[in-house]
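S.K.: Now for the letters of each chain:
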Amino acid sequence: MGMTMTEKILAAHAGLSEVRPGQIINAKVDLVLANELSAIVAIEEFGKIRGADKVFDPGKIVIVPDHFTPNKDIQSAKVAKAVREFARKHETLYYEVGRMGIEHVLLPEQGLVRPGMLVIGGDSHTCTYGGVGAFATGVGSTDVAVAWALGEVWLKVPPTIRIEFRGKKQPWVSGKDMILYAIGKLGVDGGIYSALEFTGEAISELTVAERLTMANMAIEAGAKNGIFAVDAKTEEYVKNATDKPYTVYASDPDAQYAQTIVFDMAEIEPQVAFPHLPSNTKPISQVGEVEIDQVVIGSCTNGRIEDLRVAASLLKGKKIHPKVRCIVIPGTQKVYMQAMKEGLLETFVEADCVVSTPTCGPCVGGHMGIMAENERCVSTTNRNFIGRMGHVTSEIYLASPAVAAATALAGKVMDPGEIK
Amino acid sequence: MIEGSVWKFGRDIDTDVIIAGRYCNIPDPKELAKHVFEDLDPTFASRFVPGDVIVADSNFGCGSSREVAPLCLKAAGVAAVAAPSFARIFYRNSINIGLPIFEIPDIAKFFEQGQKVRIDPATGLVTNLSTSQSFTAAPFPEFMEKIMAAGGLVNYASERLGGSKA
Ligand code: SF4
Numbered sequence: 001m002g003m004t005m006t007e008k009i010l011a012a013h014a015g016l017s018e019v020r021p022g023q024i025i026n027a028k029v030d031l032v033l034a035n036e037l038s039a040i041v042a043i044e045e046f047g048k049i050r051g052a053d054k055v056f057d058p059g060k061i062v063i064v065p066d067h068f069t070p071n072k073d074i075q076s077a078k079v080a081k082a083v084r085e086f087a088r089k090h091e092t093l094y095y096e097v098g099r100m101g102i103e104h105v106l107l108p109e110q111g112l113v114r115p116g117m118l119v120i121g122g123d124s125h126t127c128t129y130g131g132v133g134a135f136a137t138g139v140g141s142t143d144v145a146v147a148w149a150l151g152e153v154w155l156k157v158p159p160t161i162r163i164e165f166r167g168k169k170q171p172w173v174s175g176k177d178m179i180l181y182a183i184g185k186l187g188v189d190g191g192i193y194s195a196l197e198f199t200g201e202a203i204s205e206l207t208v209a210e211r212l213t214m215a216n217m218a219i220e221a222g223a224k225n226g227i228f229a230v231d232a233k234t235e236e237y238v239k240n241a242t243d244k245p246y247t248v249y250a251s252d253p254d255a256q257y258a259q260t261i262v263f264d265m266a267e268i269e270p271q272v273a274f275p276h277l278p279s280n281t282k283p284i285s286q287v288g289e290v291e292i293d294q295v296v297i298g299s300c301t302n303g304r305i306e307d308l309r310v311a312a313s314l315l316k317g318k319k320i321h322p323k324v325r326c327i328v329i330p331g332t333q334k335v336y337m338q339a340m341k342e343g344l345l346e347t348f349v350e351a352d353c354v355v356s357t358p359t360c361g362p363c364v365g366g367h368m369g370i371m372a373e374n375e376r377c378v379s380t381t382n383r384n385f386i387g388r389m390g391h392v393t394s395e396i397y398l399a400s401p402a403v404a405a406a407t408a409l410a411g412k413v414m415d416p417g418e419i420k
Numbered sequence: 421m422i423e424g425s426v427w428k429f430g431r432d433i434d435t436d437v438i439i440a441g442r443y444c445n446i447p448d449p450k451e452l453a454k455h456v457f458e459d460l461d462p463t464f465a466s467r468f469v470p471g472d473v474i475v476a477d478s479n480f481g482c483g484s485s486r487e488v489a490p491l492c493l494k495a496a497g498v499a500a501v502a503a504p505s506f507a508r509i510f511y512r513n514s515i516n517i518g519l520p521i522f523e524i525p526d527i528a529k530f531f532e533q534g535q536k537v538r539i540d541p542a543t544g545l546v547t548n549l550s551t552s553q554s555f556t557a558a559p560f561p562e563f564m565e566k567i568m569a570a571g572g573l574v575n576y577a578s579e580r581l582g583g584s585k586a
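Sequence order for the protein chains is A and B. Residues in the first sequence are numbered from 1 upward in steps of one, following the numbering used here. Residues in the second sequence are numbered from 421 upward in steps of one, following the numbering used here.
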């Protein structure tokens, strides 16, 4: 009987020839990620593991302080300091402010995540790396600490749901719109405990950046991981980033899927997720009049150079609406530099946007764009939960970089196709 | 035996409302417990009585992987959480840190705010003392039983490394 690519990666890392959904395995990890918030709790737990003086392999542990950095206050500085000291002591991979980026933009860019790898991370959006054909899933800090010590993680093999996108993208539709549409149909627990495998004609045509965006939000449907087949685009992307080796696993033609869901691209317009759930989506044509105070373009979902290019193409030579604050956050230092070379940063500043250093910032309600009561934001991030970006009465509307830029110009949620 | 009053929650309760991101740079669970559910109900922390139980609808704990979510519930004195389903990272975090959770289909339909509940963690038997109805939680897979028997994942790892228990 055939296996899905998720099952094959898990079997290979558990030293088994075959695994089936529901089976609990102990798997070897290729990379363990933590940000400063999950690391600080993991360091405490690691200290409690008797017999663990050293981490299992410093080259397979990566720590990225990105949530409240550059430190927004003394408390954050203390956390970052303790995490930095741990990273230095154990000689783990570590990306300091000025050399860093938002973890899930940084790791693929640095070639640290590659096809066929098994990656766990103390961050729920670790599932992003399925975009390059890795099995990657978020875990808690205790799991991170134990993986630091043992190089292993216990996992329940998930059933795989196959999601097929038939046909071609309509104008202004991006990977972000496709995943918002899928979450809208599935619901925030429609993929609970499962692997989501994205396939179909429209998927082959997506850039790797868009696949990373889609895999990033698999967790928003409750999924364990999101995954894409490795194709020529993936291989080109990975080879550009690193010369380290990787293994390609493909789903067998007779693999067993828990379910196959087919979406028709003809039905998919640019999408907007209304407060307070990512599944609360509407097509742009049905949004109506929603006035906006703030726009955020960035995050691990849409802070890549491709995203900034789309936003800049709409903003070029224009000014944003006088009532709107627009915050642009390149995902990494490399994205920042590239955007500078291409003149995108100039476009943003000339349009009256603010450009920030790479950080999670407002996405986690930390800093750099927190909202007061009753304010509304269109954001390219991945969560619009109550209070996520500030006051409990503030509202977040999730959308693509194109919709976000169009909204910044119009002062209300706007179809990018309407911008002349 | 766990016995207390029920605090009732709906479906898709996310970890951002359990503990807001803005507090996640505070490592002390006791401090965090002062802000538990603050964005849903700012009076919750002052009204919650340690030993009480949360009964919620499906997909409890969705969203962020923050382990401080179950940690601050535990520090606030939440004796157990019962729901038809839990988001998977919240589920494993709870097992790993020892917050008792019970997965029971439709459980939210059978409890109202303030009713009395008794839970036997050994058998997974949950009784609504106000209506005398009983329910049984799904048993944990054997591997998770092992983690819990070891007293959490950290102790389990210590045993694997040949160290003594914490
Ligand atoms: S950008 Fe937002 S979702 Fe992504 S890692 Fe940072 S806080 Fe999490």
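A portion of the hints provided could be inaccurate.
Said to hold, decoys possible - Far from chain B, some chain A residues (derived; all Cβ distances over 10 Å):
1) Ala11
2) Lys48
3) Val146
4) Phe274
What the hints assert, rightly or not - DEER-style ranges, computed between Cβ atoms:
5) Val97/A <-> Lys450/B: 25 to 35 Å
6) Val290/A <-> Arg467/B: 44 to 54 Å
7) Pro275/A <-> Gly497/B: 39 to 49 Å
As the list claims (entries may be wrong) - List time: in silico EDC-like cross-link candidates among lysine to aspartate or glutamate, alpha-carbon distance up to 20 Å:
8) Lys494/B <-> Glu269/A
9) Lys282/A <-> Glu269/A
10) Lys566/B <-> Glu269/A
No lab work stands behind these hints: they were computed from the structure. Being a predicted model, the structure only gives us computed values, none of them experimental. Glycine is no exception: its CB is placed at the ideal position from the N, C-alpha and C atoms.
S.K.: Tell me the numbers of any earlier hints that the structure contravenes, in ascending order.
M.R.: Structure breaks hints 2, 3, 6, 7, 8, 10.
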